[in-house]
Structures are given as C-alpha cells and as structure tokens.
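Using the sequences and the hints given, assemble the complete structure.
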Amino acid sequence: MLEDELREMFAARVQTPPAAADPAGRAIRRARVTARRRQTMTGTMTVFAFAAVLGAATAAQSLSGGRPTAAEGDRVTFQDLFVDGGQPLVTQEPQLPTMALPIDLLVGRQLWTSDGQRIDLQQDGGVEAIAKVPDGWVYSDRSSVRLLPSAADKPVTLAGRASWTVSQDGARVAVNEQGTLTVTRLTDPQRGTQVAASAVPPTAVPQTFFGERVVLSSAKGFDYWSAGSAKYTETWNAELRAVFGTVGGTATVGVVEGADKRLCLVDVTAEKNGLKIGARMGCSKLITMESIRRGAALSPDGRLLAIVTPVGVEMVDLQRARDAAAADPQQKAKELQLAANCPVETVVALVWSDSQTALAQIGGDAILACRTDGAKLQVTMPDDVTPGWTMIPAFGTAK
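Residues 1 to 399 in this note's numbering are what the sequence shown spells out, letter by letter.
Accuracy of the hints is not assured; some may be wrong.
Unchecked claim - Derived BS3-like pairs: lysine-lysine, alpha-carbon spacing no greater than 30 Å straight-line:
1. K276 to K334
2. K220 to K154
3. K231 to K261
4. K231 to K285
5. K285 to K376
6. K231 to K272
7. K220 to K261
8. K261 to K285
9. K231 to K220
10. K276 to K261
11. K334 to K285
12. K220 to K276
13. K272 to K220
14. K261 to K334
15. K334 to K220
As the list claims (entries may be wrong) - What follows is a set of in silico ranges between Cβ atoms, one per label pair, in the way DEER data are often shown:
16. P134 to K231: 29 to 35 Å
17. P382 to Q319: 35 to 41 Å
18. G125 to T203: 20 to 26 Å
19. K220 to A279: 30 to 36 Å
20. S143 to A199: 19 to 25 Å
21. V156 to A327: 45 to 51 Å
22. A327 to K276: 17 to 23 Å
23. P329 to P97: 42 to 48 Å
24. E128 to G192: 17 to 23 Å
These aren't lab readings, by the way, just hints derived from the structure by calculation.
This one's a predicted model, so the numbers in the text were calculated from it and none came from an experiment.
Positions of the beta carbon are idealized from the N, C-alpha and C atoms, including for glycine.
Below, the structure written as structure tokens:
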C-alpha cells in the first residue's frame, strides 16, 4: 500500500510542470515587474517636474523682493506679472534737480508772490488776465483794467472792460476800450498818465509793443499804431499770422505760412504803409497756431523765442536765424536755428523767468524749468497750493 501511494505521488509530481516553467506565473511576474518599473519612472518624472516648477517659482519670487528700484526700473518682476492685477509696469522719469519758484502765481482770487506773500485782489467776477511789471501787477476782470502797485493796498483803475497788452520793459500798457486806444505809463513818477491816444476799430486787439509802436490784430490781419501824435490809419497785413514784440530795434519777428503749409518765422519791419514782411528765418512742421496760442514768448533780452511744440519747448536763436536768412538770398526753406530743445509733454502755458530760463506749466500739477544750456529742473511749488493756479508772466525783468 505504501509502495503504491509513493508510486502515485511520484507520477503526479512528474506530470505537473515546475513553477519556473509555468507560462501564467511567468506572465504574471512580468506584468508585476513592468508595473513596478512604470510606477518608478512615473514617480521619478513627477519628482523632477515638481522640482522644476518649484525652482522656477523660487527664482521668480527671488526677483520680486519689492518694487523696482531706480537701478531695476527695466526689470519685470514676479509681482509685476501676477500680483498687481495685470497692471502694466510704469517707468518713471528720473528725479530732476529742483529750483525755487521764481515767478508769481494767481491762485483762485489771490496773488501768491514768489517771496511768500498772499494778496487778495480786488476783482469783479474773477481775474481774466494778469501780468507782473516792475512797479506792481496789471490785471483785468469783467468790468475794468487795474494796476496794483507793489507798495499799495488798493489798485488804480486804468480803464473799463477792455483788451490790453504790456510793453516788453513793463513800463507801458496799451488798452483798447470801445474803440479808443490809449498808452499809459506804469512807472513812477508818471504812473497812470496817458501818453498817447487814438481812435481804432473796436475789434482791434493790442497784441504787443514794437519799440514805441503798438501792434494790433483783428480778423483782417496785423497792423501797428505809432503811439505818437499821429492818428491811427488802417494798413492791415493779411499774411502775418502772429507778431512778437521787442523793446527796441528796427525789426521784430513774425509768423507766416509757407508754400508747403509749414509755419515760418520772418523779420518784420514797420513801414509807412504798414508792417512789412522781410527775410524768412526758418520754418518748422512742428509749429502750429494752436501751439503758438498755448505758449510762445520772447526771452526778456529779446534774443530767443520759445515755442511749445509736440516734442517739447523749442528755443529759437533769433540772431542765428537772421544770419542764416542773410546767407540765403534765394529764401529756400530751412529749419529753424535752435539754441536748445527741452523735451516736455502736456505743456499748457509758457513764460520766461529770466533770459536763460523758460517755465513750462505741465497740466495743472507742476512747472518744469527749461534752461538755454539744455538743463531741465523741477520747480518747487508751495505746499498749500490749490488746483486751478496760473503762472503770471513778468515784463521788464531782463536778467
């Protein structure tokens, strides 16, 4: 029996293949190995990807240790890209050197002087125009033209509601009151004294002084009155688009439109039959009548003409322009001779504080000083200045 049982067990052992030769077991084992390899590879790739993301985030975050400094103004940081709500990076202009306010301001109903005074102006309905002169301030409202002397509390009435202009030296004022043009002294001992008068068209606007003459403008063009004993006679020049004054001399500067539609500066002289256009002193496609109305003024010494253009404040050297015109008898179109260019934007008004410094009002917020040597400075404003202030041009302050 035992022998028979051993023989049957041996036969069963021989007929059954060993586990190593089992195809199913081998397939299962291969599947298990493949699965383990795939899990290992996937885990490794996940670790590498996570490390790469973490490293990139850490590197980006290291760039964002604060807002860009002056030395990092052109760097785009992690916070700039993702933290600030998608707002673009704004690059600010480097801090400019500063200078004290060199001119007076009209702030509301008050005159704020550069030396710190606050003067309440007597006015009717608000000041429409104001100018600084050596002996005080000339200003007008809806009812009259007044002179406020520097040493007086009350203004002197010069005329009723009228158009007016001040001479370059600040010694005279020309007023057209309802068709009567008068010239009045502004300095002691003849302050308030009329020195000449003539009938003119009521619509003629005093623009500037050309020596002793008063330059007028109207829809007909530009003309002048000698401001002497002779009565005014109309001799309008329709080609002139603007005329700038001068303290003395035989010629001033004007603006005409060239054949190519560019505006050009020209010499202007006073002849018996009116203002005569002389040599062309240069043209510019950047100068427009709108820019001239917004800001164009002679320097106190009369050597430079500052004009607001889309690229900034351009300062034309008038003597160089005249020399270039004299050397060009064919009157070929040429560019203006610039003494300096000051790149500023959004200029709404322009005045000179001295013969080397033009002041540009930037919007209603700031004043930038443009110097003839190319320097640009930020003018320090009073801490308590309120919106709506206006720069006051000064006459008779040649420096």
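Hint check:
no.	hint	in the structure
1	K276 to K334	holds (21 Å)
2	K220 to K154	violated (39 Å)
3	K231 to K261	violated (36 Å)
4	K231 to K285	violated (39 Å)
5	K285 to K376	holds (24 Å)
6	K231 to K272	holds (13 Å)
7	K220 to K261	holds (20 Å)
8	K261 to K285	holds (8 Å)
9	K231 to K220	holds (19 Å)
10	K276 to K261	holds (20 Å)
11	K334 to K285	holds (11 Å)
12	K220 to K276	holds (15 Å)
13	K272 to K220	holds (18 Å)
14	K261 to K334	holds (13 Å)
15	K334 to K220	holds (28 Å)
16	P134 to K231: 29 to 35 Å	holds (30 Å)
17	P382 to Q319: 35 to 41 Å	holds (37 Å)
18	G125 to T203: 20 to 26 Å	holds (22 Å)
19	K220 to A279: 30 to 36 Å	violated (24 Å)
20	S143 to A199: 19 to 25 Å	holds (23 Å)
21	V156 to A327: 45 to 51 Å	holds (50 Å)
22	A327 to K276: 17 to 23 Å	holds (21 Å)
23	P329 to P97: 42 to 48 Å	holds (45 Å)
24	E128 to G192: 17 to 23 Å	holds (21 Å)
Of the numbered hints listed earlier, those contradicted by the structure are 2, 3, 4 and 19.
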